[in-house]
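Engineer: The residues making up each chain are set out below.
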Amino acid sequence: MEAEGAGVERLNRENMEKTLKSSDIKLAERPEGYEGAGFFATQLDKVVGMARKNSLWPLPFATSCCGIEFMATMGAHYDLARFGSERMSFSPRQADLLIVAGTISKKLGPVLRQVYEQMAEPKWVLSVGACASSGGIFDTYSVLQGIDRIIPVDVYVPGCPPRPEQILDGILKIQQLVESESLRRRDSPEYKALLNKYGIE
Amino acid sequence: MSNTNHEQIIGIIQEKFEDEVLSIEAPYDFLTVNFKKDRIVELIQFLYDHPVAKFQFLTTLCGIHYPDAKQIAVMYQLHSLENNWRIRLKIYLPENDPVTPTITHIFSGANWMERETYDFFGVKFTGHPDLRRILNVEEMLIFPMRKEYPLEDQTREDKVDKMFGR
Numbered sequence: 001m002e003a004e005g006a007g008v009e010r011l012n013r014e015n016m017e018k019t020l021k022s023s024d025i026k027l028a029e030r031p032e033g034y035e036g037a038g039f040f041a042t043q044l045d046k047v048v049g050m051a052r053k054n055s056l057w058p059l060p061f062a063t064s065c066c067g068i069e070f071m072a073t074m075g076a077h078y079d080l081a082r083f084g085s086e087r088m089s090f091s092p093r094q095a096d097l098l099i100v101a102g103t104i105s106k107k108l109g110p111v112l113r114q115v116y117e118q119m120a121e122p123k124w125v126l127s128v129g130a131c132a133s134s135g136g137i138f139d140t141y142s143v144l145q146g147i148d149r150i151i152p153v154d155v156y157v158p159g160c161p162p163r164p165e166q167i168l169d170g171i172l173k174i175q176q177l178v179e180s181e182s183l184r185r186r187d188s189p190e191y192k193a194l195l196n197k198y199g200i201e
Numbered sequence: 202m203s204n205t206n207h208e209q210i211i212g213i214i215q216e217k218f219e220d221e222v223l224s225i226e227a228p229y230d231f232l233t234v235n236f237k238k239d240r241i242v243e244l245i246q247f248l249y250d251h252p253v254a255k256f257q258f259l260t261t262l263c264g265i266h267y268p269d270a271k272q273i274a275v276m277y278q279l280h281s282l283e284n285n286w287r288i289r290l291k292i293y294l295p296e297n298d299p300v301t302p303t304i305t306h307i308f309s310g311a312n313w314m315e316r317e318t319y320d321f322f323g324v325k326f327t328g329h330p331d332l333r334r335i336l337n338v339e340e341m342l343i344f345p346m347r348k349e350y351p352l353e354d355q356t357r358e359d360k361v362d363k364m365f366g367r
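Taken in sequence, the protein lines are chains A and B.
Number 26 in our numbering belongs to position 26 of the first sequence; there are no gaps in the numbering.
Number 331 in our numbering belongs to position 130 of the second sequence; there are no gaps in the numbering.
Note that these hints are calculated values from the structure, not bench results.
The structure presented is a predicted model; accordingly, all values stated were derived computationally and were not measured.
In this text, a Cβ means the ideal position worked out from N, Cα and C, and glycines have one as well.
Be a bit skeptical, because a hint or two may be false.
[As the list claims (entries may be wrong)] In the DSS-like style, the derived pairs of lysine-lysine whose C-alpha atoms are separated by at most 27 Å in a straight line are: (1) A:K197 to B:K271; (2) A:K106 to B:K348; (3) B:K271 to A:K107; (4) A:K46 to A:K192; (5) A:K106 to B:K360; (6) A:K123 to A:K107; (7) B:K348 to A:K107; (8) B:K238 to A:K106; (9) B:K325 to B:K271; (10) B:K238 to B:K360; (11) B:K238 to A:K107.
[As the list claims (entries may be wrong)] Quick list of simulated restraints, FRET-style, between CB atoms: (12) A:P110 to B:E216: 23 to 29 Å; (13) B:S309 to A:P152: 42 to 48 Å; (14) A:G199 to B:V361: 27 to 33 Å; (15) B:P330 to A:E117: 48 to 54 Å; (16) B:E349 to A:Y191: 39 to 45 Å; (17) B:P351 to A:K107: 18 to 24 Å; (18) A:G199 to B:I307: 23 to 29 Å.
Whenever a hint applies, use it, and build me the whole structure from the sequences.
Structural biologist: Dropping the structure here:
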């Protein structure tokens, strides 16, 4: 009985794979593992990494022209949804990825920091554009010279403003980090030291 | 605006404040009265209450730094909506101690303008109900529109001169 069931299951899967091969829909690749009739064994890290990577919930913190490029990235033409990130979270509590796109003035700095602190672990930060990354052309007394002065940043996207392709590339880089991150990284002393460096927690 | 209006406004001011006027000019045909600093509030109140002039609208108010003269000017622009007359009044305060009375009791709209002038030039308006920074971060130690402070953020590290061919 069991063997028969497993055989049907295998046939179904083979059919599905054949259908998918003929279309251009791309599925996430199965992680390395040991497989047999009715089971598949792999590392928890890899499964969790795969799930997180393909369903990032970004929080857009868009303040200026980079925000407009980000809106184009979300639109139908470039379509961030292809990478599983179409669900914008406007509550930091439910977001995984903070996308900072635009000039951050010194007065806005504490607000950005509070948004970052309100996000639950694990969380990643994407700095979009010259202003968020370094202050950009706004080398002046009122502008924060890079958000990495107040919060840790995972990936920087250069450009003034960057094209949507560049923002997509940044998000793919974030996905690589998310996929390969160890489950214990957020408990590690190195990570705590990093946060302490920014005076968080 | 014709110069007859200018003469009429100057006449109104001089009937009471003749000794207080430093000089009168009209750049771009905009009547500008440089005034001694001590009786400026009295003058603005007088122009507000005047039965003919009725300067009852404050267009704007701001500071100007003259580093060579070591002075900070406060500039008031008044508008008489009834006559469609405009006037600019300027007073000059010493750079090291710029203090002048507030006009918020005449124009409520002066509140934020005076705060902005304090924020950027450090002019202290005595009697202002809530004189604190309005646009910049409250921890800021400088008054950034004064010429002695550099415009650029001094903590930036990536501006190496050789990268920019300087």
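Engineer: For every hint, state whether the structure bears it out.
Structural biologist: Hint by hint, here is what the structure shows:
| no. | hint | in the structure |
| --- | --- | --- |
| 1 | A:K197 to B:K271 | violated (43 Å) |
| 2 | A:K106 to B:K348 | holds (21 Å) |
| 3 | B:K271 to A:K107 | violated (30 Å) |
| 4 | A:K46 to A:K192 | holds (23 Å) |
| 5 | A:K106 to B:K360 | holds (19 Å) |
| 6 | A:K123 to A:K107 | holds (24 Å) |
| 7 | B:K348 to A:K107 | holds (22 Å) |
| 8 | B:K238 to A:K106 | violated (35 Å) |
| 9 | B:K325 to B:K271 | holds (16 Å) |
| 10 | B:K238 to B:K360 | violated (43 Å) |
| 11 | B:K238 to A:K107 | violated (34 Å) |
| 12 | A:P110 to B:E216: 23 to 29 Å | violated (54 Å) |
| 13 | B:S309 to A:P152: 42 to 48 Å | holds (45 Å) |
| 14 | A:G199 to B:V361: 27 to 33 Å | holds (28 Å) |
| 15 | B:P330 to A:E117: 48 to 54 Å | violated (34 Å) |
| 16 | B:E349 to A:Y191: 39 to 45 Å | holds (44 Å) |
| 17 | B:P351 to A:K107: 18 to 24 Å | holds (19 Å) |
| 18 | A:G199 to B:I307: 23 to 29 Å | violated (46 Å) |
Violated hints, in rising order: 1, 3, 8, 10, 11, 12, 15, 18; the structure is consistent with all others.
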